[in-house]
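With the hints as constraints, model all of the structure from the sequences given.
Listed here are the chains, written in short residue letters.
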Amino acid sequence: MGDEIVHALKGVSLDIHEGEFVTIMGSSGSGKSTMLNILGCLDSPSSGSYHIDGVPVNSLNRNELATIRNEKIGFIFQAYNLLPRTTAIENVELPLIYNNKISSEERHRRAVAALEMVGLGERLDHTPAQLSGGQQQRVAIARSLVNDPVIILADEATGNLDTRTSYEIMSLFQELNRKGKTIAFVTHEPDIAEFSGRTVILKDGHIIKDDINTDINDAARELAALPKEDHE
Amino acid sequence: MKTRILNLIKIALKAIVLNKMRTLLTMLGIIIGVASVIAMLAIGEGSKQSIRDEISSMGSNMINIRPGADMRGGVRMNPSEMQSLKLKDYEALKEEASLLAYVTPQVSGSGQSINGANNWPTSIYGVNPEYLDIKIWDLQDGSMFTNAEVRSAAKVAVIGQTVAENLFTNGEDPIGKMIRFNSIPFKIIGVLSEKGESNFGQDQDDVILAPYTTVQKRILAIDYIQTIVASAISEEDAQGAVDEISTILRKQRDISGNEDDDFNVFSMDELISTFSSTSEMLTVLLVAIASISLLIGGIGIMNIMYVSVKERTREIGLRMSVGAKGADILLQFLIEAILISVSGGIIGVILGFSATLFIKGFLGWPTIITSYSVIVSFAVCAVTGIFFGWYPARKASALDPITALRYE
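These protein sequence lines map, in sequence, to chains A and B. For the record, in the first sequence the residue sitting at position 20 is 20 according to our numbering, with numbers rising by one throughout. Numbering-wise, our numbering comes out as the position in the second sequence, counting from 1, plus 232.
One or more hints might be untrue.
[As the list claims (entries may be wrong)] To list a few chain B residues with every Cβ distance to chain A over 10 Å, as calculated: (1) T235; (2) N239; (3) N296; (4) Q344; (5) I407; (6) G408; (7) K409; (8) I416; (9) V497; (10) V554; (11) V608; (12) I618.
[Said to hold, decoys possible] Okay, the calculated beta carbon distance ranges per label pair: (13) B:L257 - A:N217: 39 to 45 Å; (14) A:P84 - B:A611: 15 to 21 Å; (15) A:E116 - B:Y604: 54 to 60 Å; (16) A:N213 - B:L257: 54 to 60 Å; (17) A:A129 - B:T235: 28 to 34 Å.
Rather than coming from a laboratory, the hints here were simulated on the basis of the structure. For clarity, every value in this text was computed on a predicted model and none was experimentally measured. C-beta atoms are modelled at their ideal positions from N, C-alpha and C, and glycine is treated no differently.
Take a look at the structure:
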């Protein structure tokens with residue numbers, strides 16, 4: 001796994017290294033959506049270049065970008081974006097359906113493993129309507145893990161969740177990061193950024209701050225410290 | 233590639249199952265379209281066949297050869313008074329024609345038939361035994377005269393039902409009895425089965441058949457023949473047989489290159505094609521109406537696919553973000569459209585068959601389901617699915633994933 005380099009957004013240059021947990025912060029209009037789109041190969045920079053896992057993305061066409069997304073990127077959205085009336089296991093299998101190299105048995109096995117990793121091994125056949133918001137986001141996280149991506153991109157992944165559930169999800173992200181997953185997490189909540197190892201702040205298309213966080217907050221501990229009445 | 237298509241079919245099937253009611257309503261147009269095409273064609277084909285059968289029963293292969301109009305010193309002569317058709321012409325046809333199954337000379341006259349106190353005005357036809365094969369006519373009783381009896385100009389006769397009824401009023405058996413026709417005695421050797429009225433309202437059973445030699449010599453005192461009646465070996469060969477007859481007769485009668493025929497050859501072909509074209513037109517009309525409902529069914533599919541694409545914009549965005557290519561999305565929606573139209577087609581075929589059976593069973597209409605009507609309507613269905621599914625699917629595949637993901 002190599003480095004991902006971005007020269008974009010008015011002279012922005014950013015390396016995300018393997019195993020890093022980076023939060024990207026900024027108010028709306030700061031360019032963080034554009035950055036996320038470029039990182040996720042949904043969009044190409046008008047000038048400059050972007051390499052993911054050693055692959056230069058600029059020269060790729062629509063179909064090649066789709067293949068990169070399919071094999072190297074895991075997406076998590078604020079609104080979960082699960083297919084309605086479709087079971088958790090089928091939702092998680094989705095990225096692998098578009099990968100012809102993976103058999104249906106392999107697909108099922110990997111989807112079950114991903115759901116077990118996010119703690120939903122017992123709810124494989126539940127549809128989104130039968131799951132809480134936190135559980136739905138866990139399904140979405142399992143979906144982002146199932147293709148074993150080089151980077152997981154989370155877009156305001158805790159934006160629709162209450163504090164306790166947010167901490168639960170952040171705890172899951174920290175656990176995944178400890179297992180070696182590279183994560184780029186877009187958020188506007190400063191307390192969420194405390195859980196990551198590095199924070200990049202964007203403003204008007206420029207990086208105004210790029211700090212290594214030496215004092216990483218432990219989400220599991222924060223969760224335990226929450227007052228009991230917060231639980232409902 | 234195979235697994236990819238299989239996966240896309242699974243996705244499309246799931247979308248259909250999740251929207252059962254909507255899919256069914258969409259299919260309805262196609263179902264009605266296909267069912268009506270099949271039923272309409274079955275009715276059209278059935279009525280065509282029944283007309284054909286009716287004409288066949290009067291001998292659809294039948295060909296009549298009569299002397300043609302001619303000029304005698306600038307005066308046009310009535311063809312029926314012409315005496316130009318000779319036995320040699322008949323013999324030439326008998327020997328040389330390869331497309332004729334049966335051929336007989338025919339002379340006829342009318343007069344009074346008498347049996348004791350009963351008498352009845354009727355016609356006598358002088359023919360050879362092949363006449364019955366040409367007319368597809370059976371004997372009810374007795375036997376037909378033989379070629380030997382024709383050669384010897386025997387005074388034997390076969391009588392039609394109407395003649396039998398009028399001459400033998402008290403139900404006695406006519407076979408073996410003597411009757412007189414224009415005072416010439418004939419021995420009755422057979423009674424024809426009932427044939428009923430012809431399509432032109434003529435009582436076909438009011439007839440006496442006798443050897444043409446006998447009728448020529450004893451009744452008409454002529455040596456020419458009035459008509460030659462023949463039948464082609466099959467209905468398809470009728471036109472060929474007509475041409476062949478012309479060639480043989482022109483040669484036989486020494487008619488050179490650009491001279492007109494002095495004889496006329498009539499086949500039932502024109503009659504059949506007149507009737508057929510009427511029912512053909514009816515069929516085309518019925519199919520046109522049915523096709524319109526197929527078209528409307530197709531537009532229904534297009535409409536629902538549009539709604540479906542709009543509704544599932546976010547889903548399309550998601551699928552693209554996790555790696556679906558434009559072609560995957562296109563195929564997914566196209567397959568969905570085809571599945572809807574093809575399963576609608578299958579249900580339509582079943583319904584069309586049932587409707588046809590119903591029409592046949594309860595209304596008693598003749599119906600024939602042709603395999604081409606099933607194949608064509610089914611093919612039209614599949615094409616409809618592709619045609620009307622293509623544009624919405626194409627639209628879906630061209631969506632920008634970022635826009636689609638954020639679509640509200």
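Verification of the hints:
1. A Cβ of chain A approaches the Cβ of B:T235 within 10 Å, the least distance being about 6 Å, so the stated non-interface status is violated.
2. Taking the minimum C-beta to C-beta distance to chain A, about 5 Å, the non-interface status of B:N239 is violated against the 10 Å cut.
3. Interface exclusion of B:N296 from chain A stands, the closest Cβ pair being 73 Å apart, more than 10 Å.
4. No beta-carbon of chain A comes within 10 Å of the beta-carbon of B:Q344; the shortest separation is about 93 Å.
5. Every C-beta of chain A lies more than 10 Å from that of B:I407, the closest at about 85 Å, which supports listing it as non-interface.
6. Residue-level check passed: B:G408 sits 89 Å from the nearest beta carbon of chain A, beyond 10 Å.
7. At roughly 91 Å from the closest C-beta of chain A, the C-beta of B:K409 stays outside 10 Å, upholding its exclusion from the interface.
8. A cut-off of 10 Å between C-beta atoms confirms that B:I416 is not in contact with chain A; the least separation is 95 Å.
9. Listed as a non-interface residue, B:V497 keeps its Cβ farther than 10 Å from every Cβ of chain A; the least gap is roughly 71 Å.
10. Listed as outside the interface, B:V554 is inconsistent with that label: its C-beta sits roughly 4 Å from the nearest C-beta of chain A, within the 10 Å cut-off.
11. Consistency note on B:V608: stated as away from chain A, and its beta-carbon is indeed over 10 Å from all of that chain's, at 36 Å minimum.
12. Residue-level check passed: B:I618 sits 22 Å from the nearest beta carbon of chain A, beyond 10 Å.
13. For the pair B:L257 and A:N217, the beta carbons lie near 55 Å from each other, so the given range of 39 to 45 Å is not met.
14. Look at A:P84 against B:A611: about 36 Å separates their beta carbons, and that is not inside 15 to 21 Å.
15. Remark: the range hint 54 to 60 Å for A:E116 to B:Y604 is upheld by a beta-carbon distance near 57 Å.
16. Checking the proposed 54 to 60 Å range against A:N213 and B:L257 shows it holds: the Cβ atoms sit about 57 Å from each other.
17. Checked against the hint of 28 to 34 Å, the pair A:A129 and B:T235 passes, with Cβ atoms roughly 30 Å apart.
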